[in-house]
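*Asks:* Listed below, chain by chain, are the residues.
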Amino acid sequence: MNLDFSPEENAFRQEVRAFIKANYPPALRAAQDAGRPLTKEEYLMWHKVLAKKGWLAPSWPKEFGGTDWTPTQKYIWSEESAEAETLPPLPFGVSMLAPVVYTFGTEEQKKRFLPGIYNGDVWWCQGYSEPGAGSDLASLKTKAERVTADDGKEYYIVSGQKTWTTLGQYADWGFFLVRTDPDAKPQAGISFLLIDMKTPGISVRPIITLEGGHEVNDVFLDNVKVPVENRIFHENQGWTCAKALLAHERSGIAGVARSKRNLEKLRSIATTEHSDAGGPLLSDAFFRRKVAELEIDLTALEFTELRTLAGESSGKGPGPESSILKIKGTEIQQRLQELALEAVGHYGAPFLRDLGHNAGIGPDYADGLAGDMFNGRKTSIYGGSNEIQRNIIAKAVLGL
Amino acid sequence: MNLDFSPEENAFRQEVRAFIKANYPPALRAAQDAGRPLTKEEYLMWHKVLAKKGWLAPSWPKEFGGTDWTPTQKYIWSEESAEAETLPPLPFGVSMLAPVVYTFGTEEQKKRFLPGIYNGDVWWCQGYSEPGAGSDLASLKTKAERVTADDGKEYYIVSGQKTWTTLGQYADWGFFLVRTDPDAKPQAGISFLLIDMKTPGISVRPIITLEGGHEVNDVFLDNVKVPVENRIFHENQGWTCAKALLAHERSGIAGVARSKRNLEKLRSIATTEHSDAGGPLLSDAFFRRKVAELEIDLTALEFTELRTLAGESSGKGPGPESSILKIKGTEIQQRLQELALEAVGHYGAPFLRDLGHNAGIGPDYADGLAGDMFNGRKTSIYGGSNEIQRNIIAKAVLGL
Amino acid sequence: MDFSFTDEQSMLRDTVASYLADHYSFDQRHALLAKEPGWSPAVWKAFAEELGILGAPFSEELGGLGGGPIENMIVMQEMGRALVVEPYLGTVVIGGGFLKHSGYAGAEALIGQIIAGETIFAFAYAEPQGRYNLADLKTTAKKDGSGWVLNGAKAVVIGGPYASHFIVTARTGGGQRDQDGVSVFIVEKGAAGVSTRDYPTVDGFRASEVIFENVKLGADALVGPEGQAMPLIEKVVDEAVVATCGEACGVLAKLHEGTLEYTKQRKQFGQPISAFQVLQHRMVDMFIQVEQAVSMTYMATIKLSDDKQRSKSAAAAKVQIGKACRFVGQNAIQLHGGMGMTDEMAIGHYFKRATMIESAFGSTDHFLARYEFLSLGQAA
Amino acid sequence: MDFSFTDEQSMLRDTVASYLADHYSFDQRHALLAKEPGWSPAVWKAFAEELGILGAPFSEELGGLGGGPIENMIVMQEMGRALVVEPYLGTVVIGGGFLKHSGYAGAEALIGQIIAGETIFAFAYAEPQGRYNLADLKTTAKKDGSGWVLNGAKAVVIGGPYASHFIVTARTGGGQRDQDGVSVFIVEKGAAGVSTRDYPTVDGFRASEVIFENVKLGADALVGPEGQAMPLIEKVVDEAVVATCGEACGVLAKLHEGTLEYTKQRKQFGQPISAFQVLQHRMVDMFIQVEQAVSMTYMATIKLSDDKQRSKSAAAAKVQIGKACRFVGQNAIQLHGGMGMTDEMAIGHYFKRATMIESAFGSTDHFLARYEFLSLGQAA
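Protein chains in written order, with our numbering: chain S, 1 to 400; chain V, 401 to 800; chain H, 801 to 1180; chain F, 1181 to 1560.
Just chain S, same shape as in the assembly:
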């Protein structure tokens, strides 16, 4: 048992830090600082630098572009990335779809799809949730009928509605769960399809979320024709892919490095803001205490994640224990957002989106904190709500 980094690991940290410093795109940094929604190009700037460097996808197997880093190196990478506030590559292709493709796809599918994901040439979106099916994903209704078309080839004709499709407004392709056997039990009749978003019959409609932003969308599919070779894995066995993907989605969600960074920001805000008595807010006994309790909670989460990673590196996969990371990770993120909003007092109220950032109304750091807090409520809902995570732990870990 020890927590020390080896000299090699420390050297790696220096390398990472220097690389980020030298290569992070200034235009992207400026866009982030301005606090406005990013453009499609901006979203991909850092992605493309990393792809060129070969550091885009540390978790992928080496043969498809992974880095072959140790768990400790990955940990260092995520720490440094958070510290430098780099924009993580969009997860839809890199973290969600790719593992499904390289695990369940044919050789041809791997060759066809992985490079586009890696290089950032193809923007992927997710077609999982449906209006009627939230946490109960397997009850999805979007149907795909298999037909032989006039060209003699086989297609699925897909119709239905998907929702909560994040950044779907920019997507070139999407991965969809569809029902190919309506008579089978809910989880047995599902297939996993890749669909070109330009196919006729697809339309994307924005969903405005409560803080006023447009990040998620409804996707409507009306007799969309999808070649059969775009199916990953066997027909009616898409649930196997879906489960693998969901486990992957959960494991990164603790967000320890990002929360550490946000805790730093909170401390900095609370050093600038005044308490009712006039001193720095961070000297206020109760605000201090809330910061301290959060810091301790975050440390506990960090070491729980490290224990989980250690278990993983010794052969166990990201198991149901990772649900703990989801639950505590999102609770801590939400608590940070609440405290930041609390810290800025009256200036939590202005809604300055239409006036632009740096409007000179209140301190810059206050702008958007309420929106972050409102928007942040989603983290305990999506990816399997925290209630569902507790069901998973109850069943899979506690045997209840």
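Hint data in this document are derived by calculation from the structure and do not stem from the laboratory.
Some hints could be false.
Stated by the list, open to error - Result set (BS3-like, lysine-lysine): computed pairs, CA atoms no more than 30 Å apart in a straight line:
id, chain 1, residue 1, chain 2, residue 2
1, S, K265, F, K1396
2, F, K1447, S, K395
3, V, K690, H, K1123
4, V, K643, V, K625
5, V, K511, V, K452
6, H, K900, V, K665
7, S, K290, H, K1123
8, F, K1444, S, K395
9, S, K290, F, K1503
10, S, K185, S, K243
11, F, K1280, F, K1396
12, S, K395, F, K1488
13, H, K1067, S, K185
14, H, K1123, S, K265
15, H, K1123, V, K795
16, H, K1067, V, K795
17, S, K260, F, K1488
18, F, K1488, S, K290
19, S, K53, S, K111
20, V, K643, V, K543
21, S, K185, H, K1064
22, S, K21, S, K74
23, F, K1322, F, K1280
24, F, K1318, F, K1225
25, F, K1488, S, K74
26, F, K1447, S, K260
27, H, K1064, F, K1447
28, H, K989, H, K845
29, H, K1064, S, K243
30, V, K585, F, K1444
31, V, K543, V, K511
32, S, K265, V, K690
33, F, K1215, V, K585
34, H, K835, H, K845
35, F, K1503, V, K690
36, V, K511, V, K553
37, S, K243, H, K989
38, F, K1225, F, K1215
39, S, K185, S, K111
40, V, K598, V, K541
From a predicted model like this one, the values you see are computed outputs, not experimental measurements.
Keeping the supplied structure of chain S fixed, place chains V, H and F upon it in accordance with the hints.
*Replies:* Then chains V, H and F, alone, in the frame of chain S:
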């Protein structure tokens, strides 16, 4: 809407206060101050004074000995009783059994049993819970077979086990729920019997609770012969009596007046105890805050109870809303016990029962606080656990 | 002791509720907020003329309905249920409060204008540096002949864009945080040297940053005692806090009702999600919070007329309300799942209002500290 | 980074666990505590001779097993699982800690006696007035020739009745709460002028009030630097706190396991109560608390050897443990229902120990304040 007391009500308060001051038994006061378990005689001292005065049972109908007080007068009575730390009459006869007798009993039963309850001549105990049935009271197994004996009279032959019988070691009589129809649905085959505890076949065994005290007991019944005329209400309809009794048990449980008194004591302890910095503990920012939050919570409970009483006086009975009072009341009591234990620091640890009170080890007020806290955990379990209370509210109030 | 409403009070509630049901539905409000000016002078006019509620807490001699704090609570509760942005709080409760309690010479005339819907007040008290300390003021008013010259900046003046007049706290003496030296002025928005930057707030209201630059005020601009206005300000803010608690009771009730309704309809795993015990107990805890918040609001409303208990009760109520707003608001969203995150469902808008109420006039920590000071004395 | 145990460490755990399973069952412990002296010298002898664990954290040159904080944690965790009252903490962790870290001349000999089970220490540090402030001392040691004269009273000395020696903090200079002027002494229990009043504690241990009346000590009674012992005391207490966290991990695991087991057996309304979703989620939250507590204990154990991080990490771990003890302990009882309230079931005894651990060496508030000071600096 107003919170003022009328001049008549204020005069009533003075009368009550003067009466308690003049008549509270000094021997009982001394026993309470010594902090040891009370004797049977001590338990009944104040009961008998109140019976003589006619103030024993304010809630009973006037004809059986009730006081006919308004809800406000009852409220004043409970405030003054708590303020003076009087020992409330034992609830088993006065608050639990009596309402069942005067509501469901025959004229003869009322005449036979109510005076003994009122005067304190008969000590009653409760035979409800069974080892296998906790919150699921209706699943009880103690069986009663109806037979005609050699004397030509009808009897029930009762066998089974009851548990958590509070102060059963002193009881002259008990009221029992027994199963008279084993084939009916759980709640349909139950009868409500009064049993002389001296009847052959009854044995009482102490249960020592975790803080080391002996308050509750197991009661074993082995072919106990109970005359049929000791049954209250119809055969197999005892559940009706049981439900009425349970609702009554819940309604007094908010314990606002007692908690106010205990909050005063806590403030007094925290004024005497030192903080780590050396000043009074009550000047410590965090201890103060906990006291303040508790005080506010208690105020909210007080006014919720007053609203409930107001609803009651305008015709609504103690409804399922009273489950709120049980939940919040016990939470506050337990919180008070935790804070008192916290307040005394190291001196929460000594277990001085065998050395006697005033052993000179730590401050007197610290003695027994840990035991109170341990023992106090029962309040969120008995009388229908707080989880059951939430089920009741969900079903009966929220329609879930 | 008595917790019932009079027939007049019940009627007042019904009148407001029924008007808002017809004229202030979720969709109507949505349309209203989406375009300038972001509030409805027509609704305000109806409040004045059709409903007569702008006179609710004023005596009949002044043309009011003869009510008081209970009437304010009743109206505010309905405002909360409909998420009304029109400035009853700023104008009737706060503006009216200053006029009623200060012995101000022009009070009668101005109250008449409030009741008629002609004068609208916004309370310009907070400053960028001052957090929730009412006495932390850099804005100054200096004597200038018989009048005053006002300089300073006020932060997040809620309802500023709707207002015809500001009620302004300013220093006429003393140091930045002294209790002594604080005075209150009425300033016309159109006066020379007054400028505003207007913006929406995250919960759909409009607010302003207000700058006073050498604003010349007449002697009659002063409300209440010169330099000794803190007790007056505290009294009016106590009333505003308790009225806001009333509003919160309406918001909380809607959050709870909406969640009950949604979970009964929404199906997952083959049953309504209201069948899951964990969600049932969550809704019970929400219900308990709402009931406790209502109890405390009643208590604090009644005690507004008891000068010894007033501030302490108001602080206690705001603490309870603040906690309830957070717990009930966050859980309402959680139980709505993804749908709760959308702009098109009402629930998120109630959540946003609840969040802003949580910090209105001070956070839960602020009011806990105030309560402690009033209940337990000065800390170490 | 590495979280695995060495083979030796795993063996140590198994050895202790298997001995305690055979000799320290719930019933055996119950019988032990019920009669004088309330602990088992025989078990202690077995720890020394049969298991050799009293040397776990001492170097092999001194006759120990060559371990350190991790070994202490492993042993303490098993002590927690079996609710062992024998004084490993006071003797090996605290007594041993003072001897190891102080450069004390007689250390080698005394450590040998500890390992052999011949010398038993109890830590007499708390005073009736001092709460959790280690420097708040009225006990004095005055120079007397080359030796000292000790006077004062110590409160709730855990393990006092089992001890052969006390480790005593006393003032050799400075004011009542000064950091300067604090020294540490080893005092034989049998020395003239030492008197004790012994009693059981609510969680089954024995403790003493200890009075020193003109106790004459030789020069060799002083451990560590005269008047400047606070850093030494803090280091040893940090180690004791973290070892107690280790014990708590054992207690918490048993509370959680016992609750899982009970709820799976206990039937209500026709099904095991573990089928109720509300109870399932409660047990998940208990599980999360236990896991987080274990993580923090590992972290703090490893950081004991890092003097810069040591105190802060220990404080953080104790905060986490304190919260877990309360939440897991109270809910274990709640989920056991009435049965949890009885003396005859083990669960209540784990709850009582968890409650006492919550305040051991300081409450959660105490360690939060300490953490804040170390992480955020002095408060306003």
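*Asks:* Is it true that the CA of V:K643 sits at most 30 Å from the CA of V:K625?
*Replies:* Given pair V:K643, V:K625 holds - Cα atoms ~25 Å apart, limit 30 Å.
*Asks:* Has the given pair, F:K1503 with V:K690, been kept, meaning a C-alpha gap of at most 30 Å?
*Replies:* Given pair F:K1503, V:K690 holds - Cα atoms ~15 Å apart, limit 30 Å.
*Asks:* With the threshold set at 30 Å, check whether the alpha-carbon distance from H:K1123 to V:K795 stays at or below it.
*Replies:* 25 Å, holds
*Asks:* Just to be careful, I want the Cα atoms of F:K1318 and F:K1225 compared with a cutoff of 30 Å; is the pair within it?
*Replies:* Between F:K1318 and F:K1225 the Cα gap is close to 36 Å, so the pair fails against 30 Å, i.e. violated.
*Asks:* Is H:K989 within 30 Å of H:K845, Cα to Cα?
*Replies:* 20 Å, holds
*Asks:* What's the verdict on V:K511 and V:K553, does the C-alpha distance respect the 30 Å limit or exceed it?
*Replies:* 21 Å, holds
*Asks:* Starting from F:K1444, check that the Cα of S:K395 is at most 30 Å away, please.
*Replies:* With a Cα-Cα distance of about 13 Å, the restraint between F:K1444 and S:K395 holds, given a limit of 30 Å.
*Asks:* Does F:K1503 lie within 30 Å of S:K290 when you go C-alpha to C-alpha?
*Replies:* 15 Å, holds
*Asks:* Take the C-alpha atoms of V:K511 and V:K452, compute the straight-line distance between them, and say whether it is at most 30 Å.
*Replies:* Holds, because 18 Å separates the two Cα atoms, which is no more than 30 Å.
*Asks:* For H:K1064 and S:K243, compute the direct alpha-carbon distance and say whether it is at most 30 Å.
*Replies:* Judged against 30 Å, a Cα distance of about 28 Å means the pair holds.
*Asks:* What's the verdict on S:K265 and F:K1396, does the C-alpha distance respect the 30 Å limit or exceed it?
*Replies:* Cα-Cα ~57 Å, so violated.
*Asks:* What's the verdict on H:K1067 and S:K185, does the C-alpha distance respect the 30 Å limit or exceed it?
*Replies:* 18 Å, holds
When each numbered hint is compared with the structure, violations occur for hints 1, 6, 12, 24, 26, 33, 37 and 39.
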